[in-house]
Amino acid sequence: MSDPRDALLFLELDKGGDAPGPLFEEPRRMLERDPRLRAGWQQYQALKALALEASPEPSEKMLRAVLLQCRRERVGRQLARATGDDELARSILLGKAPGGRSFPGWLKGLLAFAALAMGAMAVWGYWLGLDRKAPGNAPPAPALTTGKEEAVPFEFPLQTPADAALSQPSKADQGNDAQSDADDTHSEPAAARQARRILREHLHEAVARERSDEGDNTAQDDTPTPPPTPTPLVRRALVAQPVGLPASTPRPWPTAYPALMNAGAAQAMGLAPVQAPLPAPALAPVQAPLPAPALAPTQVAAPAPTRVATPWAAPTAAPASPTAGPGPAPAGNLDAIQGSPAGLTLSSGSLTVDGSLDITLGLPERKDIDLRLFDMEGHSVRLLAQGAFGPGIQHFPLDARGDTGGALAPGNYYLRVMTPWFSRVEPIAIQNQ
Amino acid sequence: MPDYETQSDEQLAAAARDEDFAAWEALVRRHGQRLLAFYSRMTGDDSLSRELWVQAWAELWRLRGTLAGGGKVATAAFALATRVCVKIPVPTLFRSPSGDPASLEVRSARLRQALLGVPARQRAALCLLYFDNLSVDEAGRCLGSLPTETKRLCAEGYAALAESLGPGFLNEGLA
Numbered sequence: 222m223s224d225p226r227d228a229l230l231f232l233e234l235d236k237g238g239d240a241p242g243p244l245f246e247e248p249r250r251m252l253e254r255d256p257r258l259r260a261g262w263q264q265y266q267a268l269k270a271l272a273l274e275a276s277p278e279p280s281e282k283m284l285r286a287v288l289l290q291c292r293r294e295r296v297g298r299q300l301a302r303a304t305g306d307d308e309l310a311r312s313i314l315l316g317k318a319p320g321g322r323s324f325p326g327w328l329k330g331l332l333a334f335a336a337l338a339m340g341a342m343a344v345w346g347y348w349l350g351l352d353r354k355a356p357g358n359a360p361p362a363p364a365l366t367t368g369k370e371e372a373v374p375f376e377f378p379l380q381t382p383a384d385a386a387l388s389q390p391s392k393a394d395q396g397n398d399a400q401s402d403a404d405d406t407h408s409e410p411a412a413a414r415q416a417r418r419i420l421r422e423h424l425h426e427a428v429a430r431e432r433s434d435e436g437d438n439t440a441q442d443d444t445p446t447p448p449p450t451p452t453p454l455v456r457r458a459l460v461a462q463p464v465g466l467p468a469s470t471p472r473p474w475p476t477a478y479p480a481l482m483n484a485g486a487a488q489a490m491g492l493a494p495v496q497a498p499l500p501a502p503a504l505a506p507v508q509a510p511l512p513a514p515a516l517a518p519t520q521v522a523a524p525a526p527t528r529v530a531t532p533w534a535a536p537t538a539a540p541a542s543p544t545a546g547p548g549p550a551p552a553g554n555l556d557a558i559q560g561s562p563a564g565l566t567l568s569s570g571s572l573t574v575d576g577s578l579d580i581t582l583g584l585p586e587r588k589d590i591d592l593r594l595f596d597m598e599g600h601s602v603r604l605l606a607q608g609a610f611g612p613g614i615q616h617f618p619l620d621a622r623g624d625t626g627g628a629l630a631p632g633n634y635y636l637r638v639m640t641p642w643f644s645r646v647e648p649i650a651i652q653n654q
Numbered sequence: 009m010p011d012y013e014t015q016s017d018e019q020l021a022a023a024a025r026d027e028d029f030a031a032w033e034a035l036v037r038r039h040g041q042r043l044l045a046f047y048s049r050m051t052g053d054d055s056l057s058r059e060l061w062v063q064a065w066a067e068l069w070r071l072r073g074t075l076a077g078g079g080k081v082a083t084a085a086f087a088l089a090t091r092v093c094v095k096i097p098v099p100t101l102f103r104s105p106s107g108d109p110a111s112l113e114v115r116s117a118r119l120r121q122a123l124l125g126v127p128a129r130q131r132a133a134l135c136l137l138y139f140d141n142l143s144v145d146e147a148g149r150c151l152g153s154l155p156t157e158t159k160r161l162c163a164e165g166y167a168a169l170a171e172s173l174g175p176g177f178l179n180e181g182l183a
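Those protein sequences? They're chains A and B, same order as listed. As numbered in the numbering used here, residues 222 to 654 make up the first sequence, in order. As numbered in the numbering used here, residues 9 to 183 make up the second sequence, in order.
Please keep in mind that the hints were generated in silico from the structure rather than gathered at the bench. Misleading hints may appear alongside valid ones.
[Said to hold, decoys possible] Short, incomplete list of chain B residues facing chain A, as computed with Cβ under 10 Å:
1. 24
2. 29
3. 40
4. 42
5. 63
6. 64
7. 72
8. 116
9. 135
10. 139
11. 166
12. 167
13. 173
14. 175
[Stated by the list, open to error] Straight-line Cα separation of at most 27 Å, DSS-like style, residue types lysine-lysine; simulated pairs:
15. B/80 with B/95
16. A/236 with A/269
17. B/80 with A/236
18. A/269 with B/95
19. B/80 with A/588
20. A/329 with B/95
[What the hints assert, rightly or not] Sample of chain A residues lacking proximity to chain B, with all beta carbon distances greater than 10 Å (derived):
21. 252
22. 274
23. 334
24. 335
25. 342
26. 577
27. 603
28. 610
29. 632
Each residue gets a CB set at the ideal place from its N, CA and C atoms; glycine is no exception.
Work the whole structure out from these sequences, hints included.
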């Protein structure tokens, strides 16, 4: 059992034993007399020597770490002196955002919730889009000849007659038409200039007709009518009716197909200025296709066997109009196309190199039409119809051959139907099989 | 370039106050080994003692203005280390040292284990007075106690250490 008193004696000797004077004389004599104390003193010195021998040495790496921290402290002090804010200097030094300037907790939570909500809405919208495109959930399309068809949504920018009237050139500008035409000669192809000229003429007719209709309405009805408000350029869904394609068949063209058409091609096709210039306001929103007839593919004036709820019958799509169009109604039971300037229906959106495609065009009255096939560059590769056609449903078979009789290369093409008051473009893909 | 080895602690601290890193490095080299040994004996953990050693010198750098004002560097360093180490719990599980019992490694490991069994303040007084050779006044300043209390703590600590090691510790393994 070690005695603390012995340890205290050893400690006194250790700390002051070398001091001169009589203070440690008695302890030294005690050590010499008592062998137990002498052994303890030897152990005391031996343990101390052992501890000192086993002491760790600081490495150079530790020394560098100390100096690095010292230098960092100096930089932080200089930063604090420069910024006048110790916390800011510490934050800059540690590479963290300043704590006092961070968002509060509730604002962080609100931002996180808003981000989650936006993400959920995006996912939900995407899922709905997939669901809408799913074959099982697609609305039933009107039957033409075989089975059920899938409606193909197709967006195309339309311009109402009011917009066209507003956007038509003023009188002063009209006086410069000749000059502008001369200027356009250098920049526009001949086809585009012709299309613009035709469009301008019919726009003038449409405005004049609209004004005369307004006069008649005013004479017949004393109730004040609100002034026509110009409708901005709107996008409406055109629905082409591919026939014969199974519902699961992938569409050979992208949804935004016209957007992929280069500007030069669109201009060469006369599409750039032609934004569906319709002659009468009542006809503006009527851009739905003709319900497909189920009869033989010849020129038919007979009615379609089933009446189809056409989109233009919706009050939002077609304002109530007693007149179906500029001309008389077509003969027979073609009320399905009444109110429609023209119905263009393709039997399929794709055409094989050795097959044919049935193009159906419904006309409410006798009009001049121009039906052509263009390639992606805007070149007319096939003239299908040109001239006056009577009211009714016209069928135009299209095979994969050009005007010269040569086979058309597989790829994407555009079918354009153009009447003096209507124009429409539909994409067609020519495939190998 | 001044010869830092011949300068006193006060001179080096005064130079370090003027942000002379070489003077500060000389101070660290002069007292670093004792301070690291103190940390190692007090904590029983080499990696922790190295980390505490670096932090202690970084803290002393921030206090170098007071060191240059007459404060002794060694006393300030050990006081800082003592305040930290008496609050650190010591490990309770040890791995028994294996090998030759007369070897330095085994003897030092046994000494360290026995030292960690001593109560914290007694251990601190023992390390300061006995192993690190500080004076009674300096150790009392580090512990915040009077000289008599400091010596009592050290004597009790040594008695506990000697009892833990046993009477034949120094002769074990020796022929």
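Against the structure, the hints come out as follows:
With a least beta-carbon distance of about 9 Å to chain A, the hint placing residue 24 of chain B at the interface is held under the 10 Å criterion. A least Cβ separation of about 6 Å between residue 29 of chain B and chain A falls short of the 10 Å threshold, and the interface hint therefore holds. The interface hint given for residue 40 of chain B holds, since its Cβ lies 5 Å from the closest Cβ of chain A, which is under the 10 Å cut-off. Checking residue 42 of chain B against chain A: minimum C-beta separation of about 8 Å stays under 10 Å; hint holds.
For residue 63 of chain B, the shortest C-beta to C-beta distance to chain A is roughly 8 Å, which falls under 10 Å, so the interface hint holds. Taking 10 Å as the C-beta contact cut-off toward chain A, the hint placing residue 64 of chain B at the interface holds, the least distance being around 9 Å. With a least beta-carbon distance of about 9 Å to chain A, the hint placing residue 72 of chain B at the interface is held under the 10 Å criterion. Against a cut-off of 10 Å between C-beta atoms, the interface hint on residue 116 of chain B holds, since the closest Cβ of chain A lies about 3 Å away.
Annotation: residue 135 of chain B was flagged as interfacial toward chain A, and the flag holds, the nearest CB pair being 9 Å apart, inside 10 Å. Because the smallest distance between the Cβ of residue 139 of chain B and any Cβ of chain A comes to about 5 Å, under 10 Å, the interface hint for this residue holds. For residue 166 of chain B, the interface hint holds, the least distance from its beta-carbon to any beta-carbon of chain A being 4 Å, beneath 10 Å. The criterion of a C-beta within 10 Å of any C-beta in chain A is met by residue 167 of chain B, whose closest approach is roughly 4 Å, and the hint holds.
Restraint check, residue 173 of chain B versus chain A: the minimum CB separation of about 8 Å is within 10 Å; hint holds. For the restraint placing residue 175 of chain B at the interface with chain A, the shortest Cβ-Cβ distance is roughly 8 Å, inside the 10 Å limit, so the hint holds. As the CA atoms of residue 80 of chain B and residue 95 of chain B are separated by approximately 23 Å, the hinted pair is consistent with the 27 Å bound. As the CA atoms of residue 236 of chain A and residue 269 of chain A are separated by approximately 13 Å, the hinted pair is consistent with the 27 Å bound.
Taking the CA atoms of residue 80 of chain B and residue 236 of chain A, the gap is about 19 Å. The hint holds against a cut of 27 Å. At roughly 25 Å between alpha-carbon atoms, residue 269 of chain A and residue 95 of chain B fall within 27 Å of each other, so this suggested pair holds. Taking the CA atoms of residue 80 of chain B and residue 588 of chain A, the gap is near 111 Å; set against the 27 Å cutoff, the hint is violated. Straight-line distance between C-alpha atoms of residue 329 of chain A and residue 95 of chain B comes to about 38 Å, which puts the hinted pair past the 27 Å bound.
A cut-off of 10 Å between C-beta atoms confirms that residue 252 of chain A is not in contact with chain B; the least separation is 16 Å. Interface exclusion of residue 274 of chain A from chain B breaks down, the closest Cβ pair being 6 Å apart, not more than 10 Å. No beta-carbon of chain B is positioned within 10 Å of the beta-carbon of residue 334 of chain A; the least distance is around 42 Å. Here residue 335 of chain A stays apart from chain B, with its beta-carbon at least about 43 Å from theirs, past the 10 Å limit.
Interface exclusion of residue 342 of chain A from chain B stands, the closest Cβ pair being 50 Å apart, more than 10 Å. Non-interface call for residue 577 of chain A relative to chain B: holds, since the shortest CB-CB distance, roughly 85 Å, exceeds 10 Å. Residue-level check passed: residue 603 of chain A sits 84 Å from the nearest beta carbon of chain B, beyond 10 Å. The Cβ of residue 610 of chain A sits about 94 Å from the closest Cβ of chain B, beyond the 10 Å cut-off, so the non-interface label holds.
Residue-level check passed: residue 632 of chain A sits 72 Å from the nearest beta carbon of chain B, beyond 10 Å.
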